[in-house]
Structure formats: C-alpha cells, structure tokens
Amino acid sequence: MALAAIGCFILGVFVKYRNLSSGIIWGSVLSALSVVTVLLSYASDPLSRQHPNPLVFWRTIADGFFVVRLLSEQFVRCMKYQCSPLCATFNCGCAYTSDAIMGLLPAGKDTCIFFSGAFQFSLLASECWFLCMTLNLFLSLTNPFTDFKRNTRFFHLFSWGVPLASAILLMSVKNFAGYSDFDTCWTNALRGATFPRLTDTCVNESRTFILKDKTGSLQANYISWGFFYVPMLLFIVVGLVVWVWTYNRLREGLPETYGVRKQSIDRARFLVVAVSTYWTIIFAVYATSLSLPDGDTKQRWKEVVNFLMASKGYVDLVIWFHLNDFRVPKLSALCSKSDQTVDIDLNPQVNAALRREVLFYTTSGIIQAVQQAETLPDHEHVQHLALRPQGASSSPNDDDSSAKHYTKTFHDYEPHAFRRIRQRFNVDNIRYLKSLSSTAKERLSEGASGAFMFFSGDGSLIVKSTSADECKFLREIADAYATYMCQHPSTLLTRFYGCHCLELYGQQFSFVVMANLFATPQVIHTRFDIKGSWVNRKGGLPKRGKKVTCRHCNRKYVYQSTAKDDFNCDVRLGGHEPNVVLKDSDLTQKLKLDTAVAVALYRQLEADSDVLCGLGIMDYSLLLGVHDVEFKVDAAAAAEEEEAMLAMSARPRPRAGKRVANTVVGPAYYHLGVIDILQTWTLQKRMERFFKINLRRVDGDGLSAIAPDKYKKRFQAKMAEILNVGHLIGTAPQQRDLYTAVQSSQMDVEASEVSGVVTDVHGGSGYLAHTGANPRGEGYTSGHIHL
Numbered sequence: 001m002a003l004a005a006i007g008c009f010i011l012g013v014f015v016k017y018r019n020l021s022s023g024i025i026w027g028s029v030l031s032a033l034s035v036v037t038v039l040l041s042y043a044s045d046p047l048s049r050q051h052p053n054p055l056v057f058w059r060t061i062a063d064g065f066f067v068v069r070l071l072s073e074q075f076v077r078c079m080k081y082q083c084s085p086l087c088a089t090f091n092c093g094c095a096y097t098s099d100a101i102m103g104l105l106p107a108g109k110d111t112c113i114f115f116s117g118a119f120q121f122s123l124l125a126s127e128c129w130f131l132c133m134t135l136n137l138f139l140s141l142t143n144p145f146t147d148f149k150r151n152t153r154f155f156h157l158f159s160w161g162v163p164l165a166s167a168i169l170l171m172s173v174k175n176f177a178g179y180s181d182f183d184t185c186w187t188n189a190l191r192g193a194t195f196p197r198l199t200d201t202c203v204n205e206s207r208t209f210i211l212k213d214k215t216g217s218l219q220a221n222y223i224s225w226g227f228f229y230v231p232m233l234l235f236i237v238v239g240l241v242v243w244v245w246t247y248n249r250l251r252e253g254l255p256e257t258y259g260v261r262k263q264s265i266d267r268a269r270f271l272v273v274a275v276s277t278y279w280t281i282i283f284a285v286y287a288t289s290l291s292l293p294d295g296d297t298k299q300r301w302k303e304v305v306n307f308l309m310a311s312k313g314y315v316d317l318v319i320w321f322h323l324n325d326f327r328v329p330k331l332s333a334l335c336s337k338s339d340q341t342v343d344i345d346l347n348p349q350v351n352a353a354l355r356r357e358v359l360f361y362t363t364s365g366i367i368q369a370v371q372q373a374e375t376l377p378d379h380e381h382v383q384h385l386a387l388r389p390q391g392a393s394s395s396p397n398d399d400d401s402s403a404k405h406y407t408k409t410f411h412d413y414e415p416h417a418f419r420r421i422r423q424r425f426n427v428d429n430i431r432y433l434k435s436l437s438s439t440a441k442e443r444l445s446e447g448a449s450g451a452f453m454f455f456s457g458d459g460s461l462i463v464k465s466t467s468a469d470e471c472k473f474l475r476e477i478a479d480a481y482a483t484y485m486c487q488h489p490s491t492l493l494t495r496f497y498g499c500h501c502l503e504l505y506g507q508q509f510s511f512v513v514m515a516n517l518f519a520t521p522q523v524i525h526t527r528f529d530i531k532g533s534w535v536n537r538k539g540g541l542p543k544r545g546k547k548v549t550c551r552h553c554n555r556k557y558v559y560q561s562t563a564k565d566d567f568n569c570d571v572r573l574g575g576h577e578p579n580v581v582l583k584d585s586d587l588t589q590k591l592k593l594d595t596a597v598a599v600a601l602y603r604q605l606e607a608d609s610d611v612l613c614g615l616g617i618m619d620y621s622l623l624l625g626v627h628d629v630e631f632k633v634d635a636a637a638a639a640e641e642e643e644a645m646l647a648m649s650a651r652p653r654p655r656a657g658k659r660v661a662n663t664v665v666g667p668a669y670y671h672l673g674v675i676d677i678l679q680t681w682t683l684q685k686r687m688e689r690f691f692k693i694n695l696r697r698v699d700g701d702g703l704s705a706i707a708p709d710k711y712k713k714r715f716q717a718k719m720a721e722i723l724n725v726g727h728l729i730g731t732a733p734q735q736r737d738l739y740t741a742v743q744s745s746q747m748d749v750e751a752s753e754v755s756g757v758v759t760d761v762h763g764g765s766g767y768l769a770h771t772g773a774n775p776r777g778e779g780y781t782s783g784h785i786h787l
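Using full-length UniProt numbering, the letters of the sequence shown correspond one by one to residues 1 to 787.
For the record, the hints were derived by calculation from the structure and aren't laboratory data. Mixed in with the good hints there might be a few duds.
To be verified - 30 Å max Cα-Cα, derived DSSO-like pairs, lysine-lysine:
hint: 1; residue 1: Lys710; residue 2: Lys592
hint: 2; residue 1: Lys685; residue 2: Lys149
hint: 3; residue 1: Lys538; residue 2: Lys583
hint: 4; residue 1: Lys658; residue 2: Lys632
hint: 5; residue 1: Lys685; residue 2: Lys592
hint: 6; residue 1: Lys464; residue 2: Lys556
hint: 7; residue 1: Lys583; residue 2: Lys543
hint: 8; residue 1: Lys713; residue 2: Lys149
hint: 9; residue 1: Lys583; residue 2: Lys685
hint: 10; residue 1: Lys718; residue 2: Lys464
hint: 11; residue 1: Lys685; residue 2: Lys556
hint: 12; residue 1: Lys149; residue 2: Lys547
hint: 13; residue 1: Lys538; residue 2: Lys692
hint: 14; residue 1: Lys718; residue 2: Lys590
hint: 15; residue 1: Lys692; residue 2: Lys583
hint: 16; residue 1: Lys464; residue 2: Lys149
hint: 17; residue 1: Lys149; residue 2: Lys472
hint: 18; residue 1: Lys592; residue 2: Lys556
hint: 19; residue 1: Lys692; residue 2: Lys710
hint: 20; residue 1: Lys590; residue 2: Lys538
hint: 21; residue 1: Lys718; residue 2: Lys583
hint: 22; residue 1: Lys556; residue 2: Lys149
hint: 23; residue 1: Lys658; residue 2: Lys590
hint: 24; residue 1: Lys583; residue 2: Lys546
All chains should be modelled from the sequences, with the hints used to inform the complete structure.
Dropping the structure here:
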C-alpha cells in the first residue's frame with residue numbers, strides 16, 4: 001500500500017484534467033483501496049473485531065462515504081455539466097440543464113448544495129469517530145466497569161447525529177453551501193462577493209477571474225472554520241489532553257497489568273499523533289498554497305491539498321495495521337462457512353486490566369477492614385483505611401513523606417452490623433478472610449443494572465458493585481436489616497456480609513459482599529428470576545458466538561455455532577439450549593413440594609416481603625435454581641410386578657406398544673432466595689412507570705416499577721401460585737419453623753442405597769435407582785429445598 005500511495009500522489013499532483021481535480025480523483029482512489037482493505041480485514045478475521053477495532057471500523061465506514069461523495073461529484077460534473085464546477089454563487093458551469101440527474105439528484109445549482117451537505121456529513125462523521133476513540137479510552141480508565149456496547153450505542157448516536165445536523169444546517173442557510181476553495185462543493189468560499197455580470201454560458205477563465213478577485217475571502221472562509229476547522233481543533237486538543245492524562249493515570253498499577261497499560265498508552269499516543277499530524281500537514285500545505293503567486297506551482301500545491309484531503313482513508317489503514325498485526329485479508333474466509341465460531345471479547349483490554357486492580361484493592365481493603373474492625377469502638381459506623389499501591393513500602397518506620405503512596409482510600413461501612421450477620425450464620429472471620437483471599441469468575445451481571453461482580457475463590461461469596469444510592473440506603477437500614485436477619489435465620493433475604501467503598505481512578509466504587517445462593521456442588525440446570533410482573537418478563541437469548549452452558553447436558557458450547565460439536569446435545573433433540581436466567585413468563589410448572597413445606601415457605605416469603613415493603617423497597621425478585629436428578633428404571637423388576645398384577649386381577653393384557661422408560665428425570669432440589677433488595681420507590685422508578693404507561697402504552701399493573709405495597713401484594717400472589725398454596729393460605733395452618741419443615745420432608749436417595757418404589761400417575765409403580773448428583777444437606781441454608 002505504500003507504493004500505491006506514492007503512485008497515487010504522483011498522479012494526483014502532476015497529471016492534469018480539464019476542469020477536474022486530479023488530486024481529488026487519485027486521493028479518492030487511494031482512500032477507496034484503503035477502505036476496502038480495512039473492511040476485508042475486519043470481515044475475514046474474527047480477531048480483528050476486538051476492541052478498539054470496531055471504532056476504527058466505523059471511522060473507516062465514514063471515510064468510505066467521504067470517498068463515494070468525492071468521486072460522485074467528479075462523475076456528475078463530467079456526465080451532466082461538461083466537467084465544469086458546480087458553483088452555487090455565480091453562473092459559471094451552473095444550470096446547463098434543468099433535468100434531474102438520473103432522477104435522484106436535484107438539477108443545476110441545487111446539485112452543489114446537495115454535494116455540500118454530503119461532504120460536511122461524511123467529513124465530520126469520520127472525525128467524530130476519532131473523538132469517540134479518545135472518549136472511550138477516557139471512560140474505560142475512569143470506570144473499568146463501563147459497558148462498551150452501551151457506550152458504542154451512544155457513539156453511533158453522536159457520530160452520525162451531529163454531522164447530520166450540521167449538514168442540514170449548512171444546506172438550509174442561504175449561501176452557506178457552495179463552491180469551496182478545495183475545488184469541490186462544500187462551504188461557499190465566494191459568499192458575499194461581488195462579481196461582474198456574466199453570460200449564462202461561460203468558460204473556465206471567467207471562474208479564474210472571479211476567484212482572483214475573491215482571494216481575500218478565500219483566505220478567510222469563516223463558514224469552513226465554524227463548520228469544521230474549529231471543531232477539529234477541539235477534537236485534537238481533547239485527544240492530546242486525554243493522552244497526557246492516560247499517561248499519568250497508567251504509570252502505576254499492578255505489575256501483571258503493565259503490558260496492557262503500556263499498550264493502551266502507545267495506542268492512544270499513536271492515534272492522536274496520526275490524526276493530528278495528518279491535519280497539521282493539510283493546514284501547512286494549504287497555508288503555503290495561499291501564499292504562492294498564481295501559476296503552475298500554486299496549482300500543484302492546491303492539488304497536494306486536494307490529494308491529502310481526499311486520501312484520509314489511508315490514515316485509517318495506517319491506524320488499523322498499527323493496532324493489528326499486518327495480515328493480508330483472506331478472501332476465502334468470506335466465501336466459505338467455517339465450522340468454528342470464535343468467541344470474541346469486545347470489551348477493552350484496559351478495562352479487564354483495571355478490573356483486576358479493582359479486585360486486588362477491594363479484597364485487600366475488605367481483609368484489612370475485617371481485621372481492624374475488631375478494635376473499632378461500637379459507636380463508630382465507618383472506618384477509613386489507606387491502601388498502599390502495589391509494591392509500595394509498608395515499613396512502620398516510613399516517614400511522613402511516604403504518605404503519598406497512600407493513594408487508595410477504602411471505606412468500611414457499618415462493620416458491627418454486618419459482623420453480627422456473619423456471626424449469626426456461622427461465618428467467622430477466619431473463614432470469611434480465607435474465602436476472600438482468592439477471587440474467580442469476574443463478569444458483568446446479566447440483569448438490567450449491568451453491575452460488575454466477582455466470586456470468591458471457593459464460590460461461597462459474591463462481591464457486587466452497587467450504585468451510590470443503593471450503598472447509602474443499605475447503610476441507613478443496616479441496623480434494622482441485621483436485627484431482622486439475626487432474629488429470623490430462616491429468612492430468604494440476601495445475606496449481606498459487608499458494605500464498602502473504594503476510591504480509585506478518581507471515582508468511588510461501592511461494593512457489597514453477600515452470600516452466594518448457588519454455592520453448592522450441585523449443577524443448577526434451570527434458573528428463574530420471578531418478580532410477579534408480566535410485562536417484558538421473558539428470558540432473553542445470548543448473542544451469536546457467545547460461549548454458554550447447555551442447561552440439559554451441562555456442556556460448554558458456542559451459541560448458534562455451525563460446528564457439529566456446538567450443536568449436538570446428548571440429552572435433548574434439536575441441539576443445545578443455553579442455560580440463561582429465565583423469567584416469569586418462562587415458568588410454566590409449579591414447584592413440587594410437600595404441602596407443609598410449601599405453606600411454611602410461603603409464610604416465610606410473606607414475612608420477608610412484608611419487611612421489605614415496610615422499608616419502602618420494591619423491584620425485588622425470587623431467584624430460583626432447579627437441580628434435576630435422573631433415576632434409572634429397573635425394567636425387569638417393573639415387568640415382573642406388572643405380570644404378577646395382571647395374573648391377580650385377570651385384566652386384559654395391554655397392547656404390545658407399551659414400553660418402560662429407562663430413566664425418569666425431574667426436579668430434586670430447589671435453591672431459593674430473595675435478591676435485589678436495595679431498590680426503593682425513587683423518582684427514577686416513578687418516571688420509568690409514567691413513560692412506559694403513557695408512551696409505550698403497556699399494562700401498568702404488569703410493570704416491575706410499581707409502589708412497594710402493590711408490589712408486595714402482587715409478589716405474594718405469585719409466590720402462592722407457584723407454590724400451589726393459594727387454596728390454603730386463607731386458613732390458619734400450624735406454624736412451623738421453615739428449616740424444621742424442610743429437614744422433616746427431606747427425601748435424599750443415595751446411589752448406593754437399595755432402589756425404592758415411586759408410584760406413577762397411572763397407578764402403577766416403577767423401580768428407580770438414583771443416578772444424579774446428590775450431595776448431602778450439610779451446610780445448606782434454609783433457601784435450599786430438598787425433595
């Protein structure tokens with residue numbers, strides 16, 4: 001491509017065309033080749049879609065529009081206007097015909113206005129994507145938990161919406177659009193000029209005479225400055241500021257993240273330097289061309305300016321191959337369907353690196369807070385800790401000058417209240433700290449909040465990010481919440497073991513530590529999130545190419561992959577089914593529980609929801625995990641029993657088509673808990689309800705956003721329905737402790753035990769041997785129901 005760039009430059013500067021700009025033509029050709037190369041590379045290599053390549057890709061798309069726009073004007077000028085300029089301010093070359101061009105473009109001077117708007121849109125859109133690249137880096141560094149996909153949607157709105165608005169403004173204001181000083185239609189370089197009256201048909205010399213007379217106006221085209229030059233200068237300044245800020249921000253950190261941090265700095269520097277250098281060269285060459293006297297030399301310098309402007313797609317190519325290893329695009333990859341689908345992580349690598357640092361400081365702060373809380377006076381509700389950066393000296397003999405190393409501040413909220421909860425549920429400090437000494441499985445939650453969470457190494461604890469309002473609310477109710485949890489150990493409410501805040505990267509990150517409801521060796525085959533609402537309460541499917549787990553065979557596979565191994569399921573016909581969180585509309589079966597257990601469970605859920613309502617909490621949900629167990633059927637024993645029953649009853653022998661199934665599969669364990677218990681009836685929730693009812697016209701009674709008292713009643717009604725106790729809750733059943741009811745109804749069957757008999761719905765019996773995972777009940781909380 002370097003040789004192609006040199007060849008196009010020579011042709012663009014030294015080849016002359018009648019009334020056409022050779023610089024624009026050959027610069028556009030170079031841009032077109034560059035754009036096609038980037039698009040082929042992006043489409044043929046899945047790894048090239050990693051961050052930040054999608055942003056470069058969309059900048060390239062904008063420059064592709066720019067190339068099409070430039071070549072289209074050159075084509076239209078020669079096809080309909082004898083290769084004459086499409087000026088809008090004077091008659092030269094304008095209005096040769098009143099016919100519309102191919103029925104698509106306006107005729108005469110309006111054609112130039114149309115091309116002016118297209119020029120403004122495509123030119124500014126490309127540079128808006130440059131700004132989005134720098135803003136994306138800034139957002140990634142200020143908040144490592146930022147959702148790149150959500151940011152990309154905003155970037156699209158900004159990068160296409162702002163240029164479109166500016167293009168419409170340029171085309172709408174009289175005499176703003178016209179023939180520019182770049183030999184193309186853009187901003188009117190001759191606005192406000194006075195010219196001699198010319199004939200309807202004029203030659204190119206007349207245009208030259210007018211441009212000579214208007215030299216001063218050409219040098220001060222304020223429309224161009226307002227519509228592009230000033231915004232571009234601001235974009236470059238922002239890029240430089242972000243790069244300097246990035247350099248200072250990423251100089252320190254964990255040693256294991258040094259490579260990613262250095263790469264982010266290098267990429268930011270190259271991006272800003274490449275774009276800034278490109279526009280600096282254009283401005284320098286343009287200023288030089290204005291200072292030269294008329295003649296061939298000045299014309300060549302003008303063609304250099306036109307070539308540089310038109311070849312901006314080549315800058316995208318240079319940036320693209322700086323971010324990625326240079327590889328020739330494989331056209332065969334576009335034509336053939338591969339059996340393998342690559343699971344691409346589109347999140348910024350710097351996000352992942354900084355998250356690891358957040359994990360390090362969070363776990364370090366929690367461990368230090370728990371240790372120091374032992375000596376904290378009872379009347380203190382907050383303790384503030386200073387955490388040293390990785391590698392800083394921790395010697396007690398350090399002087400005050402070393403205090404600068406204490407750059408990370410950690411806040412431990414309500415340590416006494418949460419220690420009471422840990423002690424009530426037998427989570428002593430040694431066990432608690434041991435669990436937090438290692439972390440695993442960090443991810444963004446699947447809920448609408450997009451919260452970041454990570455698990456302790458043993459899987460018993462979850463550390464989850466919260467909003468500042470949720471953190472503040474938990475601190476306010478900490479004492480009342482701890483009292484209820486300690487007095488009602490059978491509660492199904494989320495067990496919070498800590499509430500903390502970390503000051504890092506110039507922001508405050510709030511976290512809660514809570515017990516993991518699914519901390520069990522059992523496989524959770526199905527998960528439900530039940531609120532009692534019905535509007536938009538159906539589980540969504542993962543995106544194509546995402547690696548997920550099959551809910552039937554528990555095997556990892558790539559969703560919607562064409563590979564045979566990623567489709568065939570050993571248990572289910574029709575391929576794998578992803579184990580995603582299902583919702584209210586997906587739950588079609590009631591829980592199979594003993595009546596006494598179901599009633600006691602409902603009473604506990606009723607009491608829990610009453611407490612939440614009293615605290616003004618809504619939008620909570622029942623998290624339900626189902627573990628299925630498979631039983632083997634002793635077909636020979638079943639056949640012998642059936643023969644004996646037929647002989648005794650003298651009934652007619654059944655038809656020959658009857659067969660005994662070799663396995664019986666069904667739910668054996670339910671894991672339940674009430675989650676998301678920090679959302680109150682805020683103004684935001686009230687506005688959400690108002691807009692959904694009045695704008696989207698949805699059923700208000702079925703929305704999750706509803707007042708706490710109504711939410712509680714609807715939630716309790718849903719719980720009665722799925723527990724199948726609606727006909728019993730009006731009576732006064734014997735009150736029993738839920739934990740006792742659960743234990744008394746437990747019917748665990750070990751694989752080594754003698755087979756038992758289970759009566760089927762037809763009145764017969766089958767001999768079943770348990771073959772599924774069946775751990776004993778030790779260590780389970782009251783939220784685990786054993787059948």
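Structure-based check of all given hints:
1. Lys710 <-> Lys592: Between lysine 710 and lysine 592 the Cα gap is close to 27 Å, so the pair holds against 30 Å.
2. Lys685 <-> Lys149: Holds, at roughly 24 Å.
3. Lys538 <-> Lys583: 5 Å, holds
4. Lys658 <-> Lys632: The hint holds at about 18 Å.
5. Lys685 <-> Lys592: Roughly 35 Å separates the two Cα atoms, so the pair is violated.
6. Lys464 <-> Lys556: 25 Å, holds
7. Lys583 <-> Lys543: 18 Å, holds
8. Lys713 <-> Lys149: 37 Å, violated
9. Lys583 <-> Lys685: Measuring from Cα to Cα gives roughly 20 Å; hence the hint holds.
10. Lys718 <-> Lys464: Roughly 27 Å between the alpha carbons, so the hint for lysine 718 and lysine 464 holds.
11. Lys685 <-> Lys556: 37 Å, violated
12. Lys149 <-> Lys547: Distance of about 17 Å is within 30 Å: holds.
13. Lys538 <-> Lys692: Given pair lysine 538, lysine 692 holds - Cα atoms ~17 Å apart, limit 30 Å.
14. Lys718 <-> Lys590: Holds: lysine 718 and lysine 590 sit about 11 Å apart, inside 30 Å.
15. Lys692 <-> Lys583: The given pair, whose Cα atoms are some 19 Å apart, holds under the 30 Å limit.
16. Lys464 <-> Lys149: Holds, because 20 Å separates the two Cα atoms, which is no more than 30 Å.
17. Lys149 <-> Lys472: Distance ~28 Å between lysine 149 and lysine 472 Cα, so the pair holds.
18. Lys592 <-> Lys556: Since the Cα atoms of lysine 592 and lysine 556 sit roughly 29 Å apart, the hinted pair holds (cutoff 30 Å).
19. Lys692 <-> Lys710: Holds, at roughly 17 Å.
20. Lys590 <-> Lys538: Since the Cα atoms of lysine 590 and lysine 538 sit roughly 17 Å apart, the hinted pair holds (cutoff 30 Å).
21. Lys718 <-> Lys583: Holds, at roughly 12 Å.
22. Lys556 <-> Lys149: Between lysine 556 and lysine 149 the Cα gap is close to 24 Å, so the pair holds against 30 Å.
23. Lys658 <-> Lys590: 29 Å, holds
24. Lys583 <-> Lys546: This hinted pair holds, its Cα atoms lying about 20 Å apart.
Hint compliance for this structure: hints 5, 8 and 11 are not met, and every other hint is.
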